[in-house]
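Undergrad: Residues per chain, in single letters:
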Amino acid sequence: MKRAVLALMCLAAAAGCRSKQDVVRMATTTSVENSGLLARILPAFTQDTRVSVEVLAVGSGQALNLLKRGEAAVGLTHDPAAEAAALSAGVITGYRKIMFNDFVVVGPPADPAGIARSSDAVDAFARIADRDAVFVSRGDASGTYSREQELWTLAKRRPVPHRLVEVGQGMGGTLRVANEMSAYTLSDRATFEQFRPALRLTILYEGGSALLNTYALFLRPGLTGRGLADASALADWLTDGAGRQHIAAFVANGQRVFEVWPLGTPRGSPVDLPSPALVHVR
Amino acid sequence: MFAEIGRALALIVNRDVEVWQITGVSIAVSTAAVIAAVALGLPLTYALARSGPRSTRIGIWAAHSAAALPTVVVGLTLYFALSAAGPLGWTKLLYTRTAMSIGQLVLALPLLVAVVLGALHRLPASASEALITHGVTPPRRMGWLLWEVKSAIASATFLAFSRAFTELGSALIVGGNIRGATRTLTTYVALEYNRGDDARAIALGLILLVVALIANGLMHAFMTEQP
Chain Y
1 MKRAVLALMC
11 LAAAAGCRSK
21 QDVVRMATTT
31 SVENSGLLAR
41 ILPAFTQDTR
51 VSVEVLAVGS
61 GQALNLLKRG
71 EAAVGLTHDP
81 AAEAAALSAG
91 VITGYRKIMF
101 NDFVVVGPPA
111 DPAGIARSSD
121 AVDAFARIAD
131 RDAVFVSRGD
141 ASGTYSREQE
151 LWTLAKRRPV
161 PHRLVEVGQG
171 MGGTLRVANE
181 MSAYTLSDRA
191 TFEQFRPALR
201 LTILYEGGSA
211 LLNTYALFLR
221 PGLTGRGLAD
231 ASALADWLTD
241 GAGRQHIAAF
251 VANGQRVFEV
261 WPLGTPRGSP
271 VDLPSPALVH
281 VR
Chain S
1001 MFAEIGRALA
1011 LIVNRDVEVW
1021 QITGVSIAVS
1031 TAAVIAAVAL
1041 GLPLTYALAR
1051 SGPRSTRIGI
1061 WAAHSAAALP
1071 TVVVGLTLYF
1081 ALSAAGPLGW
1091 TKLLYTRTAM
1101 SIGQLVLALP
1111 LLVAVVLGAL
1121 HRLPASASEA
1131 LITHGVTPPR
1141 RMGWLLWEVK
1151 SAIASATFLA
1161 FSRAFTELGS
1171 ALIVGGNIRG
1181 ATRTLTTYVA
1191 LEYNRGDDAR
1201 AIALGLILLV
1211 VALIANGLMH
1221 AFMTEQP
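Just so you know, the sequences run in chain order Y and S.
This note's numbering puts the first residue of the first sequence at 1, with every later residue one more than the last.
This note's numbering puts the first residue of the second sequence at 1001, with every later residue one more than the last.
Hint data in this document are derived by calculation from the structure and do not stem from the laboratory.
Each residue gets a CB set at the ideal place from its N, CA and C atoms; glycine is no exception.
Mixed in with the good hints, there may be bad ones.
Derived DEER-like restraints, expressed as beta-carbon distance ranges [claimed, not checked]: (1) Arg50/Y / Arg1015/S: 49 to 57 Å; (2) Leu1213/S / Arg50/Y: 30 to 38 Å; (3) Pro221/Y / Phe1080/S: 42 to 50 Å.
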């Protein structure tokens, strides 16, 4: 009995020590979370700094909202328009681009809308609408959904309502629904590669600046003391420190899915783009 | 927070089309599931009750165990069965309201069976014997005995409805939260949180709460009526 009490006390003490460890809460998008990147690289940060990271995976819109509400200290999103609005409203600070990849238009291998022969991404979207193909839309406030909306606008048409299926889910759930429906959808490359083995969908259109996908990192203003130190440590580790090598080394389904933002390239504004020569157009 | 609740109430009062469409889908899906649960559950329960005390006890135990099934496990199982590559893929039911009703049926049926079987089990054996000696035919005997436990059936029905109506795991996985089709109160509240439209999420949460409380109130009303 005595021994049991002692064991319990030791456990309690251990739990106590654990809760004393610094924790940074980071709000990010489902596309980053579903890719598996953070789960792979953050343990290295915790090992380097003894600061652990809690990741909240939500849409880009809610990630910005969580920083505004003070629920998270660090944000990582891919919605330049929403980020620009948040910057000018003063709800985020320390903005910098961290990495990029591209969106891909995926669909059933039979490609009923013939988008593989498109001249560009806008043309691919126009073909989907014109051929009455089914398109599964995120239907949330995510960076991917923002880009999809921009592409419909540029294509000057969109599918009729019952051909545009809004699922209000993260990227992974959206890919599953598109797969079951043999429908088209827009995905970030990282999440698609992560899910590809479970899907019959294939990449039908890729490349071009309209599909470039840039990720930015930022902090909540008004952080002080250790909260500020830990959040800054995480941000610096990811954008300038050892995190760069970890991001570059990350593979999903055997493919490199994120390109680290090139040093020396402007990165402080939502509209900044990596040098065009570095955008891999496959 | 208060401003958001105010906007939420405005959405309800102003009869926002999408809010009521989602509410309608929720009620329709769960009602279909509960009707199916009653239609299947009552004959099944009666058969179990008639098959002797030993199998009745096993039936009660099995129903209680099944009533504890996690909603996501039901959803996941149904997802693999109904997905295009699964054994029931040919039914093309995945991401339909029918699939959601089936998932809720699986969740609701054990609750109904457990409650009604317990009530039948508590009926004195003389009730059934009296009917037999009076030469009442088996199908009418079933009607008589189930009528004896009608308040238990009524409370079990509302309990089953609450379980079906408030579950999220199965509805999300087999329904897919498709706008205008399979979006229900629970899938909306959970997933539109990601969108950051707090007022809408709160409005639907309030409706969910009110309907669930009404069902629960009815269940208690019938339970206290029991002799």
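Undergrad: Hints first: check each against the structure and report whether it holds.
TA: Evaluation of the provided hints:
no.	hint	result
1	Arg50/Y / Arg1015/S: 49 to 57 Å	55 Å, holds
2	Leu1213/S / Arg50/Y: 30 to 38 Å	48 Å, violated
3	Pro221/Y / Phe1080/S: 42 to 50 Å	46 Å, holds
Hint 2 alone, counting from the list given before, is not met by this structure.
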